[in-house]
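**Q** Mind docking chain B on chain A? Use the hints.
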Amino acid sequence: MADLLWRRATTPTGRPGALAGYRQLLAAQVRSQLQYRASFAMDLVGNLLLTLMDVAAVVVLFRVTPVLGGFTLPEVLLISGLANLSFSLCDLAVGNIDTMRQYIRTGRFDAVLTRPLSALLQLVCGDLALRRLGRVTQAVVVLVIALNLAHVRWTPARAVLLVVAPSFGAVLFGSVFVAGSTVSFWFIESGEFSNAFTYGGRDFTAYPITVYAGWFRKAFAYGLGFAFVAYYPALAILDKPDPLGGPRLLSWSSPVVALAAAGVAAFIWRIGIRHYRSTGS
Amino acid sequence: MGTAWALAGAGFRRYSTYRQATVAGAFTNTVFGFLRCYVILAVAATAGGMAAGYRGSQLVTYVWIGQGLLAVVQIWGWTDLADRIRTGDVQSDLLRPLHPVASYLATDLGRAGHAALTRFVVPTAVGALCFDMYAPHTLLSYPAFLASTLVAVVVSFGVRYLVNLTAFWLLDIRGVITLWQLGAGVLSGLYFPLAFLPGWAQGVLWLGTPFPAAFQAPIDILVERGSVGHRSLLLFDQLCWAALLIGACMLVQRRAERKLVVQGG
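In order, the protein sequence lines correspond to chains A and B.
Residue 196 in my numbering is what sits at position 196 of the first sequence, and the numbering runs on without skipping anything.
Residue 139 in my numbering is what sits at position 139 of the second sequence, and the numbering runs on without skipping anything.
Bound conformation, chain A alone (with noise of 0.2 angstroms):
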């Protein structure tokens, strides 16, 4: 540790370099997404109407019933416009060390442990999603909208409450992201369990937890602290009491369970990474 902690304070331009190495990773990335063109359209509208979908969902929900766990239908789209808004930019960030299962397999991972750069940061950089940059788009889009019908009457504080909520979403589904692929350091086939925590936590959040009931919902909302993302600032946005009888503090508490996830999911890698062993083939 010291003898890491010598080296960055005396070789300044160790830095520099590490970030051309980080940036000529997603150009090179950017550069074969476009080869081929065809695909490229079809993934771009694909996914440009992937998140109007889920929210088509939640208005063909409400065609059959007025309100949802005592939630009006701007209510819950206002939820799912900051579930999806958080989802969307961890997704653009972290995305992709959903591949990282097929990189232990194949035993690419070996590679990406003897270049000179963090293995964490070089998954995340191996395959830039471009379309992925619209989901956050549309997600705000949704968003802005929800607000709108919902008549907010704004204050300074929930308009701050509106920039820190998505942020600290996206910190801990990123979290999730994390912690859930290192789960391939140990079970080499198991990358669809993650989902269940990745995607089920998307979905989990796009609607109010009053909707879940039993083990189940505390296990989500509280265990893995999905209610802090999309409905506890929901509920401060809205100036609605919570129907579960909960402090008005808990919408502001998002920063710090997310940077408690952050840190265990931190914790995890580490162990995770230490009991790597190539698979050889």
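Hints are not guaranteed to be accurate.
Stretches of chain A that chain B covers, calculated by requiring three or more beta carbons in the stretch to come under 8 angstroms of a beta carbon on chain B [stated by the list, open to error]:
id, region
1, 32-44
2, 47-59
3, 67-74
In short, the hints are calculated from the structure, not lab data.
Computed from a predicted structure; not experimentally measured.
C-beta atoms are modelled at their ideal positions from N, C-alpha and C, and glycine is treated no differently.
**A** What follows is chain B alone, placed relative to chain A:
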């Protein structure tokens, strides 16, 4: 026919070796089962216990059977063929004595058989343990469900095969897969029963797209929604789609073979 059986057996055995993946997949389907079940029950609760012709317990069965069926019909991505086209390995498929569509279909049916015994059973059992599930009232619904599921696998295979064949022209089929997944999720009845939609949209989806035939048809047959005549029509719709898609696969396969340039080597 013997070859086809052998291929189906191989498909079954191939997937039975991926034990971790099977457990992980069943776990994920089960978690999503809880999620979807709670949401749909919340809808039914405020809609007076009945939503679009489904009672609460029917919706519970709808969700959990659906979570089990997902893996059986393999509604999400399958790129085995596209990968072989990209690498050029597909040429050895063309040398085999069995037609490629038939041989891939046989393998896929074997895979579906394995999924039916593993991935289908877990969510269904968990759902039955944790929620009040609707059981079919007439015995005939069980064999009808089995038949309908079999046809659903063929329909889903047909679309997946066509999607993969586009690799002959595009090489990179990421975009086509995205579009297929988009349809497979929302238009098949996975996110919500299609009966939640206005009548005209249901008509367009059932008659104009193969998605409901690959997913919702067997579920509606098992939860006995609508009259017996209505359910027979669903099965008929499925059969039409299966025939149409397998025909299309044969046709496109022939065009693709003329286009084939072996990339590998």
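**Q** Now tell me if each hint is right for this structure.
**A** Right, here's what the structure says about each hint:
no., hint, in the structure
1, 32-44, "holds (count 9)"
2, 47-59, "holds (count 6)"
3, 67-74, "holds (count 3)"
The structure shown violates none of the earlier numbered hints.
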